[in-house]
Every structure is written in C-alpha cells, then in structure tokens.
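S.K.: Note that the protein sequences, when read in sequence, are chains V and D.
For the first sequence, counting from 1, position 70 maps to 699 in the numbering used here; every step adds exactly one.
For the second sequence, counting from 1, position 19 maps to 39 in the numbering used here; every step adds exactly one.
I should point out that these hints are in silico values taken from the structure, not numbers from a laboratory.
Computed from a prediction, not measured in an experiment: that's the story for all the values here.
Please note: incorrect hints may appear among the correct ones.
Chain V side only, calculated, beta carbon under 8 Å to chain D, not exhaustive [what the hints assert, rightly or not]: (1) PHE658; (2) ALA669; (3) GLY673; (4) GLY682; (5) SER688; (6) TYR709; (7) TRP732; (8) ASP734; (9) TRP736; (10) LEU741.
Think of the CB as a built atom: it goes at the ideal place given N, C-alpha and C, for glycine as much as any other residue.
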Amino acid sequence: EVYLVESGGALVQPGGSLRLSCAASGFTFSNHNLHWVRQAPGGGLEWISYISGTSTAISYAASVRGRFTISRDNVKASLYLQMHSLRDDDTGVYYCARGSTGWFDTWGQGTLVTVSS
Amino acid sequence: EIVLTQSPATLSLSPGERATLSCRASQSVSDHLAWYLQKPGQAPRLLIYDASTRATGIPPRFSGSGSGTDFTLTISSLEPEDFGIYYCQHRRNWPPLTFGGGTKVEIK
C-alpha cells in the first residue's frame with residue numbers, strides 16, 4: 630500500500646526557519662512527481678510547490694517563492710520542504726502529495742506548522 | 021492564474037438525497053479538472069479526475085461532468101460517509117495548480 634508520512638511541523642517564531650520531511654513507501658519513489666499543499670486553519674487548500682521525479686523540474690507558488698525550497702532524496706524515498714522567513718500566514722497543515730499527472734492521487738496525513746510569537 | 025469558484029458554499033441534505041456541486045473556472049481548463057473530498061481531520065481524497073473519470077475505489081454514485089469553464093459533481097444518493105468538504109482543482113497550464121474554495125456538504 631502507498632504511504633506518505635510527513636514530519637517536522639512545530640511552533641516557530643516569525644522570521645524563523647523549519648524543515649519538513651515526507652517519507653514515502655509502497656511505490657517506486659523516483660518515478661513520481663511530488664508536491665506540497667498547505668491548508669490554513671479553517672481554510673481551503675493551497676498548492677505551494679512541485680518537484681519532478683529526477684528533481685530537474687521545480688516550481689513554487691508566488692506566496693512562498695524565494696523563501697521555501699523543495700528537494701527530494703530518491704535513495705531515502707523522502708521529500709523535503711525547507712522554509713525560511715516564516716510569516717504568520719504560513720501557519721497551517723502541510724501535506725505532501727503524489728501527483729505525477731497534476732492530480733493528487735495520494736496524500737499524507739499532514740504536519741502542523743504554527744508561526745507565532 | 022486560473023481562479024476556480026465553487027457553489028454553493030454549503031449544501032444541507034439528507035442521506036439518500038441527490039447532491040449537485042458546481043465549479044466554474046475563470047478561463048477554459050478543457051477537461052483538466054478534478055474533485056476531492058476532505059472529511060474533518062483527514063487529508064483530501066481524489067474522487068474524479070479529467071472532469072469525469074472516477075479515481076480508483078470511488079463508487080459509481082459519484083459522477084463528474086463538464087468541460088471548458090463549467091463543471092458539476094453529482095452524488096446520486098448521499099451516504100453518511102459522503103459528508104464533508106468538496107474541492108475542485110485544475111491542472112491547465114500549470115504552475116500554479118489551484119483549488120476552488122470548497123463546498124461543504126452537511127447533514128440536514
């Protein structure tokens with residue numbers, strides 16, 4: 630069975646940094662494009678970043694470009710999101726999702742990031 | 021950026037009733053539209069992609085239709101497990117990938 634498990638969420642002060650991880654199992658990791666999607670408390674879904682299977686293609690939403698960096702380790706079957714200069718409006722649940730065709734066919738359970746002083 | 025607008029915001033229905041949800045795109049997305057269901061405390065789940073194709077394991081009471089800018093998700097007879105928030109999402113000319121604001125289907 631396909632699994633994605635996020636970790637690394639925490640309470641962080643504005644301006645701080647955090648690194649999220651997503652461990653994958655049950656599928657050939659390097660064959661799939663992966664994404665990060667977040668959800669503010671009580672809010673809707675926001676796509677924030679994408680990385681191709683070989684890391685040759687990467688993109689970001691305008692709201693995080695220049696502050697967040699997506700990466701992956703195909704040997705460890707893991708996806709990462711390095712977040713810098715965190716702001717109050719970055720607060721939310723961060724999901725990793727598998728999506729080779731642009732559709733999100735598998736999601737993790739999410740990890741909560743809270744940005745607050 | 022393509023904006024997706026979902027309506028209604030909330031739909032109050034009883035189990036066994038038919039649900040009709042709408043998603044309108046600010047410009048044509050062809051058939052590049054998907055639907056997800058998110059239950060409280062859970063991650064979203066893919067229901068429909070390419071406007072009308074059911075994802076693996078999704079029962080036939082869920083059907084999607086539409087193309088261009090107007091799309092509909094129909095649930096022919098609501099089951100208790102169908103209540104939650106439904107989101108549409110497009111993949112036309114991405115990035116970015118964007119979601120609609122959601123329709124909450126609640127028990128009447």
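S.K.: What are the numbers of the hints that this structure violates, sorted from low to high?
M.R.: 1, 2, 4, 6, 10
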